[in-house]
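Using the sequences plus the hints, can you model the full thing?
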Amino acid sequence: MARAPASLAGPARTLLAVPGMHCAGCMSKVERALGAVPGVSSARVNLTARTVTVEHDETLQAPALTQALGGIGFEAQPRRDLSAQAHSAARPLLAPLAVAAFAAMNVMLLSVSVWSGADGSTKELFHWLSALIALPAIAYAGRPFFNSAWRVVKRGRTNMDVPISIGVIVATGLSFYEVATAGQHAWFDGALMLLTFLLAGRVLDAMMRDRARVGVDALLSQAAQGAIIVHDDGILAWLEADQLEPGMVMRVAAGERLAADGEIVAGSSRFDQSILTGESAPVSVGTGEKALAGMLNLAAPVDIRVSQAAHDTTLAEIARLMEASEQNRSRYVRIADRAARLYAPAVHALAAITVLGWLIAGASIYEALVIGVAVLIITCPCALGLAVPVAQVVASGSLMRAGIMVKDGSALERLARVDRALLDKTGTLTLGRPVPDELTLAALAGEERRIALALASNSSHPLSRGLAKALAASGIEAETLENIEERPGIGVFARWHGKRVSLRRPDGGAGSAVALTIDDAPVRLIRFADALRPDAREALARLSAMGVECSILSGDKADAVARIGGELGLATLAEVDPAQKQAIVAAERDAGHSVLMVGDGLNDGPALAAADASIAPGSASDVGVQAADMVFVQDSLMALPRAVGGSRRTMRVVRQNFTLAIVYNVFAVPLAVLGYVTPLVAAIAMSASSLLVVANSLRLVRAAR
Amino acid sequence: MNSLLILVPIALLLGLAGLAAFFWALRSGQFDDPAGAASRILIDEDDVDNDGADANGVER
Chain A
1 MARAPASLAG PARTLLAVPG MHCAGCMSKV ERALGAVPGV SSARVNLTAR
51 TVTVEHDETL QAPALTQALG GIGFEAQPRR DLSAQAHSAA RPLLAPLAVA
101 AFAAMNVMLL SVSVWSGADG STKELFHWLS ALIALPAIAY AGRPFFNSAW
151 RVVKRGRTNM DVPISIGVIV ATGLSFYEVA TAGQHAWFDG ALMLLTFLLA
201 GRVLDAMMRD RARVGVDALL SQAAQGAIIV HDDGILAWLE ADQLEPGMVM
251 RVAAGERLAA DGEIVAGSSR FDQSILTGES APVSVGTGEK ALAGMLNLAA
301 PVDIRVSQAA HDTTLAEIAR LMEASEQNRS RYVRIADRAA RLYAPAVHAL
351 AAITVLGWLI AGASIYEALV IGVAVLIITC PCALGLAVPV AQVVASGSLM
401 RAGIMVKDGS ALERLARVDR ALLDKTGTLT LGRPVPDELT LAALAGEERR
451 IALALASNSS HPLSRGLAKA LAASGIEAET LENIEERPGI GVFARWHGKR
501 VSLRRPDGGA GSAVALTIDD APVRLIRFAD ALRPDAREAL ARLSAMGVEC
551 SILSGDKADA VARIGGELGL ATLAEVDPAQ KQAIVAAERD AGHSVLMVGD
601 GLNDGPALAA ADASIAPGSA SDVGVQAADM VFVQDSLMAL PRAVGGSRRT
651 MRVVRQNFTL AIVYNVFAVP LAVLGYVTPL VAAIAMSASS LLVVANSLRL
701 VRAAR
Chain B
1 MNSLLILVPI ALLLGLAGLA AFFWALRSGQ FDDPAGAASR ILIDEDDVDN
51 DGADANGVER
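Listed in order, the protein sequences are those of chains A and B. Residues in the first sequence are numbered from 1 upward in steps of one, following this note's numbering. Residues in the second sequence are numbered from 1 upward in steps of one, following this note's numbering.
What the hints contain is simulated information worked out from the structure, not anything from laboratory work. Hints may be right or wrong, so weigh each one.
[Said to hold, decoys possible] From the structure, some residues in chain B lie toward chain A, with a derived Cβ separation under 8 Å:
#, residue
1, L12
2, G15
3, A17
4, D33
5, R40
Model, not experiment: these values are computed from the prediction. Idealized CB from N, CA, C, for every residue including glycine.
In structure tokens, the structure reads:
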């Protein structure tokens, strides 16, 4: 049970995110592969968080562990913060829920005996026992509601927790008075049942957010987590990003992202900076020129002298822009709280009028108060408190199965209202990674393809990976090659049945392309382009059928954007910088539109934060993933109409649930006002209305069609 | 009445025992990885024991 104490060897703990794990087989493969690495003492997978905690000797470095996982086909990234993962919204609510449920069940047992006829001293004993269980339980389990209600009341506002807290406290107080004076009815069971139902709703809501947060955490990988540092004496060492300091020289291999801003001191290469600017064409950067954190090295290894590290990088500017826009989103009032603003005063006025009415009709103060409390309890928003969370939890579960992670419930509410969509180009409408031209691939002979696959799978260069992925997807098998050799920045060379074969950079440095050579046969040139996402056209058609007008908002060059815009039939705005994107979103909102921003790069961050709702693809930059309300982890753009449709269906069910809750009140309140409601009636009415609302919400299981 | 004096405390004690068991489970991290716990049962233990790695998660 207890964690192993630090032994003399100085064990270290490393947390790795392994997004590819999804089954028992993966778990045992990952744990075994890591266990086989010398120096690893234990490896434990957390499948919920898609992470693995490795305990190992201090001498072992993170890259050795990720390599071991790479060897069995799992991509892994080291996670710096071990504590970040422990924070969960659901866990603090589990204990109150357990206490409330335990107390509710036991008090209900005692109440049933009273309802079925126990009286005299037995009834008194049972009432006292109920009070004994209920008072501490309510004081403990009710705290989440009391605290939240107190916070808003102090500021002179109201939310759903205010009527709940008043109902529970008044019911408990009156019940205790009844018990102490050997009265007829105790309402402890009602108060506890209410807390149980509502806490269950809250726990579900929190679990939904936890699940999405964990999924998003597993995606945060785009910015390099560290770099290999070249010391003056030529020794290489891996340093994490936050330990990099200006003046250090880092060596960045092809296929790696820069962990810090800096100036190239040796070598030159081409870089993909689409995450920073949205520009899809690679840029050449030579010795003496500046390179920025987040850029992806495409061609040759380079040495870079760090000028700004970690949080001082160019990204700081973008972060400031985002903070400013996030405020207007926090001003959004969730639908449940808007309902509570109407509901709470109405209910409390009704209870007051009931008490007054009975007093005027000649009842004693005690009788009038009992009936007033009955009104408060029966109208306590049991169903209303469940109406929103349950619907949103079921819907987001359905969206999650369709590959869309919803970060919080209010995102569904905001997304349901959008009527404008602004889409980024690179990485959003397109895949954001090089895909080989289909026609060239089709022109290759079967043998050439098998050789190309074998060569490409022996390189980690982005173009090789793109080629290997495309060829493997067409179902061919790789040839067996000998003497495979990768020359960084040049290509992969090997022998096949004695012939020299290679996959290399084409002569003349044409755009994105590789050359396949087989002995003396003519060179085959394979071109690469950043392809549109599959289903892009159909997805956009469905969005416009839903009344959402789409247009492109990109930082890329005007001609590249216009080409994609023409292909998809969308209006375009090109060469906009992050601040302009944000300003355009704000202008649309001022014009009365509800704006959905879809983007992936750092340059989209401020616009994602400023929009009413935002969606990012899973391949997005850390900033994009964190700023967006929803993240879709699939290539198809159909995720967009699915998310919008799903959120609209959710809001329809939420409105139905509100209607059900109101209809329930229309029937129950007159009974309460007339004094017919006993604890038994209240218990039946409350559970019936709650079950009805839950059942209606379960229809959203297929919300993400 | 007499039977109640025995039965009611028993009922409450059993309930409290259940509650205490839940709290113990919560504290000792048994709810940290529900998906993993559900899958771990499917792992074939014979395979795992060979390398001596702590793959079956007795660690916590």
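Verification of the supplied hints:
For L12 of chain B, the interface hint holds, since its Cβ comes within 8 Å of a Cβ in chain A; the closest pair sits about 7 Å apart. Among the interface hints, the one on G15 of chain B holds; its C-beta lies about 5 Å from the nearest C-beta in chain A, closer than the 8 Å criterion. A distance limit of 8 Å between C-beta atoms decides the matter here; for A17 of chain B the minimum to chain A is near 11 Å, and the interface restraint is violated. Taking 8 Å as the C-beta cut-off, the interface hint given for D33 of chain B holds, the closest approach to chain A being about 4 Å.
Hint status for R40 of chain B: holds, given a least beta-carbon distance of 7 Å to chain A, under 8 Å.
Taken one by one, the earlier hints fail for this structure only at number 3.
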